[in-house]
Amino acid sequence: MAPPPDHRRPIKRAAISDQQRRREVALRLQADRRSDAQNRARQLASSVLSLGPEPATEPEVEPEQEMSEASGQLAGRSDLDPVRAARLRGPEVRKWFARQLLLPEWMVDVPPSLDRDWYVFPRPSGKRCFVVSSNGTTISRLRNGSILHRFPSNLPNGARTKDVSGPASSYSILDCIFHEPDETYYVIDMVCWRGYSLYDCTAEFRFFWLNSKLSETGASDPPSQYHRYRFNVVQIYECNLAGLQASYSGQVPYVKDGLLFFNKHAHYQAGNTPLALVWKDNVCSQYVLDTDSKGQIPSQQQVVLELQNDGNLTTSDDPPVALGSLSRDLIAQSGLRVGNLVRVAIKDERMRLVDGKLDLGELQLVGKTNHSRAFADTYSKVLFQHAARHAPLRIEDLVASIQSNSSMDNSQALDVEMEG
Amino acid sequence: MALEVTQILLNAQSIDAATRNHAEESLKQIQEQNLPAFLLSLSAELANNNKPIESRKLAGLILKNALDAKELHRKNDLAQRWLSLDLATKTQIKTSLLQTFSSPVSDARSTAAQVIAKVAGIELPHNQWPELIGSLLSNIHQVETHVKQATLETLGYVCEEVDPQVVDQEQVNRILTAVVQGMNATETSSDVRLAATRALYNALGFAQANFTNDMERDYIMRVVCEATQSSDVKIRQAAFECLVAISSTYYEKLAPYMQDIFNITSKAVREDEEPVALQAIEFWSSICDEEIDILDDYRSEYTGDSDVPCFYFIKQALPALVPMLLETLLKQEEDQDQDEGAWNIAMAGGTCLGLVARTVGDEIVPLVMPFIEENISKPDWRGREAATYAFGSILDGPSPGKLAPIVNVALNFMLAALSRDPNNHVKDTTAWTLGRIFEFLHGAAVETSVITQENCQQILTVLLQSMKDVPNVAEKACGALYFLAQGYEDEGSVSPLTPFFQDIFQMLLFVTHREDATESNLRTSAYEALNEVVRCSNDETAPIVMQLIPVIMLELHQTVEAQKLTSDERDKQNDLQGLLCGCLQVIIQKMGSIEGSKYAFMQYADQIMDLLLKVFASRNATVHEEAMLAIGALAYTAGPNFAKYMPQFYQYLEMGLQNFEEYQICAITVGVVGDLCRALEDKILPYCDGIMTQLLKNLSSNQLHRSVKPPIFSCFGDIALAIGENFEKYLVYAMPMLQSAAELSAHAVSQDDEMLEYTNQLRNGILEAYSGILQGFKSSPKTQALVPYAAHVLQFIDTMYGGREMDDAVMKSALGVLGDLADTLGSHVGPLISQSSSSKDLIEECMVYDDPLIRESAEWAKLAINRAVSG
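Protein chains in written order, with UniProt numbering: chain A, 1 to 420; chain B, 1 to 871.
No lab work stands behind these hints, which were simulated from the structure alone.
The reader is advised that the hints may include incorrect statements.
Covered, in the sense of this in silico footprint (three residues per stretch, anywhere, with C-beta under 8 Å from a C-beta of chain A), are these stretches of chain B [claimed, not checked]:
{"hint": "1", "region": "8-15"}
{"hint": "2", "region": "715-727"}
Partial list, computed: chain A residues near chain B (C-beta under 7 Å) [said to hold, decoys possible]:
{"hint": "3", "residue": "ARG22"}
{"hint": "4", "residue": "GLN30"}
{"hint": "5", "residue": "THR161"}
Keep in mind it's a predicted model, so treat the numbers as computed, not measured.
Note that beta-carbon positions come from the ideal geometry of N, C-alpha and C, so glycine has one too.
Build the full structure now, drawing on both the sequences and the hints.
Quick look at the structure:
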């Protein structure tokens with residue numbers, strides 16, 4: 001029997017050998033990893049560039065400049081070598097991601113020009129997370145860096161479907177809230193898209209990009225076999241009266257947990273930022289007052305702070321702010337170690353300024369927090385919680401601020417806050 | 001000064017090895033001592049009718065090999081050597097060759113014809129030997145048929161060797177006239193007619209102008225069609241070969257002839273001898289190839305157009321073509337499944353049916369179903385096999401929506417046939433058809449898979465059982481499992497295969513150990529299926545894959561230890577080592593990518609590395625390549641920890657980089673250097689002097705296969721990104737190489753698609769090198785060292801942009817480099833970039849590009865440049 005002509009492959013014979021496939025896969029992986037390494041260097045380059053020193057956010061308060069050596073938290077980001085950071089693996093990845101989220105401060109006063117420079121939207125209740133899609137999978141990570149879900153999705157390179165264009169390794173990062181009741185990821189920001197960083201872009205541009213890009217991918221389609229969870233964008237409003245009204249009392253398909261305000265001109269800034277603010281009251285949130293570890297609202301305000309080696313208890317701000325201290329005896333007695341997050345109750349609920357610093361007075365140790373918690377409370381949160389118990393910032397105040405149309409100046413605004 | 005070579009040439013064909021070796025040695029010596037005399041003697045020997053035919057034939061063969069070689073580099077050397085011989089010698093050799101035409105010995109004439117073609121292939125492009133074609137054509141009117149026959153044969157060979165542009169249209173016309181006249185039914189000698197028909201086959205590429213002339217084309221087509229009716233089977237076969245060649249070269253000219261060709265081919269398929277029938281089927285396969293390409297072009301996103309319009313010949317012929325092909329399926333041969341190289345009417349018919357299905361899609365289904373229904377349960381195995389084969393053949397093409405209902409009904413029947421049909425042939429085709437079902441109707445890309453959680457278990461049970469069947473059936477069952485698993489590669493954590501992993505691995509390992517595993521490619525197929533199942537493992541099944549590692553290592557260990565093998569055993573050993581290394585590579589890649597299993601996997605790293613290093617002792621290219629790929633995967637997974645293996649591994653790395661002959665190994669090794677860079681980062685520094693030296697040497701060698709050059713440039717980028725400013729000392733060597741390659745590739749005029757593709761690969765490699773170097777130097781105090789090169793980099797991109805032949809990958813890399821340039825050098829290059837107008841235009845143009853990746857690369861570059869220009 002004569003063999004078939006050279007160019008004619010008998011239909012029963014395999015098109016390519018597995019060896020050829022292995023070779024092609026290896027070459028493709030190498031190419032992808034190269035462009036991955038180069039893109040990550042680029043991405044991180046642009047994110048590192050956006051990391052200028054943080055502006056002093058509370059001018060009235062001189063934050064303690066002294067930073068504990070033991071607390072590595074939030075420290076190293078700006079000294080990350082971009083190329084090296086791109087290679088982080090395992091637990092380092094967790095730590096790295098934990099530092100990437102933009103963390104809104106709590107609104108303790110109304111920023112000027114709210115109606116001109118800000119967006120507002122109702123914040124979905126749920127788990128805040130980073131969603132990363134690359135290499136055919138989608139992974140969501142909670143604020144503490146741990147993985148929430150690993151699943152296929154319609155995000156770019158979010159599932160191993162055969163029609164992806166471009167390198168499978170280029171990744172996309174979304175800032176989301178996972179809303180349990182309808183198992184939906186509500187996308188509140190876009191950080192990277194197909195390997196390109198949006199860190200350097202204004203919120204205005206990011207939201208525009210988010211709205212136009214997400215719909216291209218089919219990520220908002222109902223769940224299916226290769227798209228386990230739906231991704232929805234949140235309706236974002238100009239922060240004028242109508243926008244504020246719609247956000248505050250309008251119907252949304254999810255359970256609301258307060259309102260989020262984004263400054264239009266702000267870049268995506270990892271860590272705490274005053275250019276994004278959260279505010280809530282009993283109408284737009286079920287969780288205005290913090291609960292304790294048993295889920296009850298304690299009679300006294302409780303605060304979670306980080307223990308430093310000098311016994312000081314600090315917030316998670318960068319730099320951290322010390323709000324009180326524990327005695328060495330108490331530390332030894334309760335088996336606490338430096339870096340532990342501790343829950344303390346404020347005994348005397350009158351806040352005082354001592355030498356320009358906020359002093360919570362005598363603190364009562366309630367206990368260690370559960371270990372999934374990654375960060376202490378921020379300074380603004382302590383203030384907001386305190387205000388919520390005593391003299392809350394009301395929706396009327398926000399409305400009034402918009403109506404008065406930018407007549408407020410900074411000092412006035414801050415005075416309001418400091419009266420509490 | 002001709003030497004007496006007859007005896008040596010005869011001795012060189014002696015059955016006695018010593019005599020033979022001695023003769024070969026003498027020939028080599030003469031050649032080295034006096035090449036012109038040697039070649040002259042050979043041509044004289046070939047021309048001399050008093051010499052024995054054996055020595056004449058070998059003389060011709062050696063002469064031919066002195067003029068041409070497969071390998072491009074050597075081919076060029078030989079051509080150069082011939083051109084530099086003195087004119088008198090060349091003329092005398094050519095005269096001898098032409099004289100040989102009058103020899104009564106046909107083997108001598110035929111050998112001379114081939115040698116002449118080789119000389120023509122070298123000389124005609126240099127405008128030498130202009131009288132050749134004229135003198136050949138003057139022979140055509142010779143009365144002696146054997147001279148005529150040799151002349152036509154030579155014209156055919158010359159056309160095969162020479163590029164059509166080298167011969168002017170006037171000569172082409174004369175060649176074609178002579179050839180077509182020789183083919184004509186009025187030619188009484190069938191030797192002449194056969195030689196003419198074969199010559200036409202080679203001359204078709206020259207007939208571009210003649211095929212646009214209706215009268216000339218009609219004439220050629222008529223003569224070819226008439227020749228298919230010759231009483232001589234060889235002429236009929238050669239005529240059909242011409243039709244096949246015409247179908248691909250002049251597809252768009254065929255419309256007026258299709259009805260006649262259909263009648264001719266279908267008669268040949270049904271009634272003629274096999275070699276003729278095979279060509280007749282091949283004609284239709286070839287038409288399918290053309291239409292599939294055209295329709296692909298129509299569907300392509302970017303052009304949506306094709307140079308050649310589709311005439312839908314297949315669609316029109318469908319109602320008659322499909323029954324004709326189905327008939328062929330019943331002409332199986334008893335043992336065709338055992339013979340890997342087998343090719344017969346049934347196989348060609350099924351292959352053509354598969355191509356028809358891809359050409360017309362859904363329309364073929366109703367034409368094939370009645371045949372399947374009629375034959376699938378026939379008592380004669382031929383009916384059952386043909387029905388199954390028909391079904392398997394049409395699974396690629398029609399829409400899953402059209403096929404799924406039929407497959408859902410057929411699946412149980414197939415599974416039953418695979419377990420219970422008494423005929424091996426039927427089982428073989430059934431297992432193959434199941435594999436095709438899994439390949440085309442199952443997996444992430446298919447809307448509704450025909451495989452469900454429920455039937456998956458049943459399918460697996462049958463497949464695993466069939467792996468104990470005769471080797472060819474077991475091999476097909478492994479192939480089917482491969483595609484079944486492939487469909488689950490994207491599945492994430494819920495794969496129905498999960499509960500069966502253990503059973504699957506056990507059975508596949510059992511198969512690899514079967515005594516008859518080397519028959520029918522069975523062992524290879526089993527390892528390929530094993531690899532695919534590993535590829536679709538997940539968090540849950542990773543521990544089971546992990547248990548596989550010691551097993552595979554033990555097997556590999558045994559092959560490394562084995563000693564004193566016969567050469568046959570050695571071959572098998574090499575095959576096995578290659579398969580085991582391949583399997584390890586897949587396992588390493590997979591375990592490295594599953595976060596939970598990576599650390600557990602790393603406990604085996606030392607042992608695996610130890611074994612792979614031992615494997616390098618083998619001299620086999622495939623084994624080296626597989627081991628190198630496995631090491632690349634291990635390096636990527638191990639990350640910086642791989643540093644501890646470097647001292648031992650380095651020598652093999654260098655060996656791989658030096659392997660010019662087996663350039664695949666060299667290319668893979670260059671890729672592994674990239675893996676190492678990403679794994680080791682600055683820990684690769686101590687090895688960089690050696691690696692860079694070798695890479696630079698490779699680039700300056702003209703012996704290295706060109707396909708390795710682009711990856712070498714990319715590798716420069718990998719190294720620079722890993723070692724950062726330490727790359728400074730290589731700049732003085734690497735940059736000029738990059739610059740001159742950039743210069744060449746920017747101005748390259750690409751004659752064909754292949755060349756264009758290569759040029760773009762080269763450009764991409766160069767750009768990746770620039771990106772890596774720029775990024776590596778970022779934030780370094782030595783950034784200044786790069787400033788002098790910036791202008792050239794920009795110029796390179798400007799020139800490419802001006803030339804308008806960048807493909808998407810190059811465009812994207814170019815945008816990346818623009819961004820990196822701005823990002824790393826900042827205000828140093830701000831003014832330069834502002835001046836580079838085409839770069840600005842390029843970015844603007846790409847901002848509105850269809851491809852989102854390019855659009856976003858452009859946005860990035862713009863961002864970085866704005867920063868540099870404003871900063």
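Verification of the supplied hints:
1. Counting residues of the region 8-15 of chain B whose CB lies closer than 8 Å to any CB of chain A gives 0, so the stated coverage by that chain is violated, three being the minimum.
2. As drawn, the region 715-727 of chain B meets chain A at 4 residues by the rule of a beta-carbon pair under 8 Å; at three or more, the given contact holds.
3. About 6 Å separates the beta-carbon of ARG22/A from the nearest beta-carbon of chain B, less than 7 Å, and the hint is met.
4. About 5 Å separates the beta-carbon of GLN30/A from the nearest beta-carbon of chain B, less than 7 Å, and the hint is met.
5. A hinted interface residue such as THR161/A counts as satisfied when its beta carbon comes closer than 7 Å to some beta carbon of chain B; here the least separation is about 5 Å, so the hint holds.
Hint compliance for this structure: hint 1 alone is broken.
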